[in-house]
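Peer 1: Sequence:
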Amino acid sequence: MSRFKWLSFLSNLPRLKMKQPRLDYRNKIIMAPMVRVGTLPMRLLALEMGADIVYTEELVDLKLIKSLRRPNPALNTIDFVDPSDGTIVFRTCSLETSRVVLQLGTSDAARALAVGKLVQNDIAGLDINMGCPKEFSIKGGMGAALLSEPAKAAHILRTLTTHLDIPITCKIRILPDTLETIKLVQELAATGIAAIGIHARTRDERPQHHPHPDVLRAVASAVDIPIIANGGSRNMHTYEDLHKFQELCGADSVMVARAAQLNVSIFRKQGMLPIDEVICKYLRLCVDYDNAPHNSKYCVQSILKELQETPRGKRFLQCQTLQQICEIWGLGDYCRRKQQELKEHGNGGRANVILTECLAKRQKLERSEDLSDEYEGVICRNMAFLRSTYPSDTQLPKMVLYVLAGKLGKQAPSYETHQCDKLFRSICSYDGQRFSSSFWEKNKKQAEQGAALVALLQLGHLNEKTLLENGSLIS
14 MSRFKWLSFL
24 SNLPRLKMKQ
34 PRLDYRNKII
44 MAPMVRVGTL
54 PMRLLALEMG
64 ADIVYTEELV
74 DLKLIKSLRR
84 PNPALNTIDF
94 VDPSDGTIVF
104 RTCSLETSRV
114 VLQLGTSDAA
124 RALAVGKLVQ
134 NDIAGLDINM
144 GCPKEFSIKG
154 GMGAALLSEP
164 AKAAHILRTL
174 TTHLDIPITC
184 KIRILPDTLE
194 TIKLVQELAA
204 TGIAAIGIHA
214 RTRDERPQHH
224 PHPDVLRAVA
234 SAVDIPIIAN
244 GGSRNMHTYE
254 DLHKFQELCG
264 ADSVMVARAA
274 QLNVSIFRKQ
284 GMLPIDEVIC
294 KYLRLCVDYD
304 NAPHNSKYCV
314 QSILKELQET
324 PRGKRFLQCQ
334 TLQQICEIWG
344 LGDYCRRKQQ
354 ELKEHGNGGR
364 ANVILTECLA
374 KRQKLERSED
384 LSDEYEGVIC
394 RNMAFLRSTY
404 PSDTQLPKMV
414 LYVLAGKLGK
424 QAPSYETHQC
434 DKLFRSICSY
444 DGQRFSSSFW
454 EKNKKQAEQG
464 AALVALLQLG
474 HLNEKTLLEN
484 GSLIS
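Each residue of the sequence shown is one higher than the one before, starting from 14 at the first, in my numbering.
If you are wondering where the hints come from, they were derived from the structure by calculation, not from laboratory data. Any given hint could be a false lead.
Unchecked claim - With a Cα cut of at most 27 Å, we get these calculated DSS-like pairs of lysine-lysine: (1) Lys294 with Lys478; (2) Lys478 with Lys351; (3) Lys455 with Lys356.
Claimed, not checked - If you anchor each label on the Cβ, the simulated ranges turn out as follows: (4) Tyr311 with Tyr403: 43 to 51 Å; (5) Lys79 with Ser161: 22 to 30 Å; (6) Glu253 with Asn476: 44 to 52 Å; (7) Phe149 with Arg400: 16 to 24 Å; (8) Arg49 with Thr251: 20 to 28 Å; (9) Pro220 with Glu193: 41 to 49 Å; (10) Asp178 with Cys293: 32 to 40 Å; (11) Asp37 with Pro324: 44 to 52 Å; (12) Arg325 with Asn40: 35 to 43 Å; (13) Thr402 with Gly154: 44 to 52 Å; (14) Asn476 with Cys433: 24 to 32 Å; (15) Lys318 with Glu260: 25 to 33 Å; (16) Thr402 with Asp37: 47 to 55 Å.
Small disclaimer: the values here were computed from a predicted structure and weren't measured. All C-beta atoms, glycine included, are put in the ideal place defined by N, C-alpha and C.
When you get a sec, could you build the whole thing from the sequences and use the hints?
Peer 2: So this is what it looks like as C-alpha cells:
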C-alpha cells in the first residue's frame, strides 16, 4: 500500500482523542476572527508575533459539514476539503492545534454539533458567531441575528457544551441597553461556555463609531466567565495599547482585529516591525502552506493600504499568482524552490482527495485543457500577462509581435480564444507556428497578450531570465 493510500486509510478510521490542556481564556491576547484574513499563514504569523490564541475566519456550517478531513503529507497539514471541487474549506497544522479556535457561522444546533464532532480533534476551541452584522449572516439567521433570539442562541451553545469535549465560546455585540446586554450575557454564560467575546459596539455601529468600554466593564462585573474585549483597534497603535483597552473594559482578555490586519506584529512585546518585513514573513508562510494566491493578495493589500498607489504597489495589484507576488518582495527563488519541492512530492501540495470525490471538477478541467485537441502541436509555456510591466501600449506583446511581422514582411499574427467558466486562454498563430500560454487569464485581451508573450519568447525576442524576475514566466 502506497504512503498516500495508507494515510487516506488512516484518516477514515475512528480518531483517538488526544488529551491536551484545556484552553484558558484569561489573560490572553487574541487575534480576532477576520473574514479572508484569518487563514493558516496569518494565524501562524500572529502566533509567531506573540498572540496567545488565534481565531479562524468565520466558516459556515453547511460548507464544513460536507467537507472531508484529509491529511496532507506534502504540507504536514490537516485539510478539510470540499469534495465537489477539491477546494480547501479549512486548513490547520500541529503548530497551532493547541491555540486555534474555529469560529462557526450557524443558526442550527444540530448542524453546529455535526461540525463540532468533525473538527474537535484538530482545534483547541469552537466559537459561535453571534455578532456579525453583515447581510449574508443576518439573512441566514446567523451572526447578529441570534442576538434577537437569545433562547435559540442558548440552545445552540448548550447543545455544544453538552456533547463536545472542547471549550465552547461565542462572540456577540452589545445591545443598545446596558442592562439588556448584561441579561443576555448571563443567559449565555449559564449554558456552560468557557468565555464570551464582546465587541464594544452595537449591531448597527461601525468602526467609525466610538466603542463603549463602559458597557463591557459593567458586563464583566456581572458574570464569572472570562470576558474578551473587542472593538478597540481604532486606538491600538502599539502592543501597550492592547492592554490599555483591556483594562479600560475591565476584561479578562483582549481580542484584536483591524489593528492586526494592518500589521500583525502589533502582538510583539518588543515593538512593531516594518511592513515589508511583515509581508516577507507572511509570504514565506503562504508559500510554505500553499495558500491561495487571491487570499494572499488580499492580506498584503490590507497591509499596504495607500502604498498600493506607488509604482511597486501598482505592479503588485497586477499579480495573479503567488510567484508573481513573491518576486516583488525578493522571494521569487524561494517560491520556485518550494513549489518544485511540492511537485516532486507528488501532489503539488494539494489535499489528498481521491478521484471519485472530485470527479466532476476533474472531468471539467480535463475537458477545458483538452479542448477537442485544439492545443495539439501548439507551443505552450506558462506565462502570465502583467500590464504593469509595460510602460506604454507600444511595448505590449501583441503590438511588438505585430510590428515585428511587418518588418520581416510576414503575415500579421492571428488569435483564437477559448473560455472556461470565466477564464480565457488564447492561441497565437504566426509564421506557420502556434503559440499559447497555459495560464488562464481573466479576460480575452489578457489571454491574447499571454499568447503573444510565448511567441516572442520562443522566437528569441524576449529574455527568459527577465520574465522569471518580473513574475511573468511561472514555470
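Peer 1: Confirm or reject each hint.
Peer 2: Now the hints, each set against the structure:
Our distance criterion of 27 Å between C-alpha atoms is met by Lys294 and Lys478, whose separation comes to about 25 Å. Between Lys478 and Lys351 the alpha-carbon distance is near 19 Å, which keeps this suggested pair within the 27 Å criterion. A distance of roughly 25 Å separates the Cα atoms of Lys455 and Lys356; the hinted pair therefore holds under the 27 Å criterion. Between Tyr311 and Tyr403 the Cβ separation comes to about 25 Å, which falls outside the hinted range of 43 to 51 Å.
One distance hint, 22 to 30 Å for the beta-carbon pair Lys79 and Ser161, holds here, with the actual separation near 29 Å. Take Glu253 and Asn476: their Cβ atoms lie about 51 Å apart, and the range 44 to 52 Å holds. Distance hint check: the CB atoms of Phe149 and Arg400 are about 32 Å apart, inconsistent with the given range 16 to 24 Å. The hinted window of 20 to 28 Å between Arg49 and Thr251 holds, with their beta carbons roughly 25 Å apart.
For the pair Pro220 and Glu193, the supplied restraint of 41 to 49 Å is violated, since their beta-carbon distance comes to about 23 Å. Take Asp178 and Cys293: their Cβ atoms lie about 39 Å apart, and the range 32 to 40 Å holds. For Asp37 paired with Pro324, a C-beta distance near 48 Å keeps the hint of 44 to 52 Å intact. Between Arg325 and Asn40 the beta carbons are some 40 Å apart, a value that agrees with the proposed interval 35 to 43 Å.
The hinted window of 44 to 52 Å between Thr402 and Gly154 holds, with their beta carbons roughly 48 Å apart. A hinted range of 24 to 32 Å for the beta carbons of Asn476 and Cys433 is consistent with their spacing of about 31 Å. Evaluation of the 25 to 33 Å hint for Lys318 and Glu260 yields a pass: the beta carbon distance comes to about 29 Å. Between Thr402 and Asp37 the CB atoms are about 51 Å apart, so this pair conforms to the stated range of 47 to 55 Å.
Going down the numbered hints, you'll see the structure goes against 4, 7 and 9, while the others check out.
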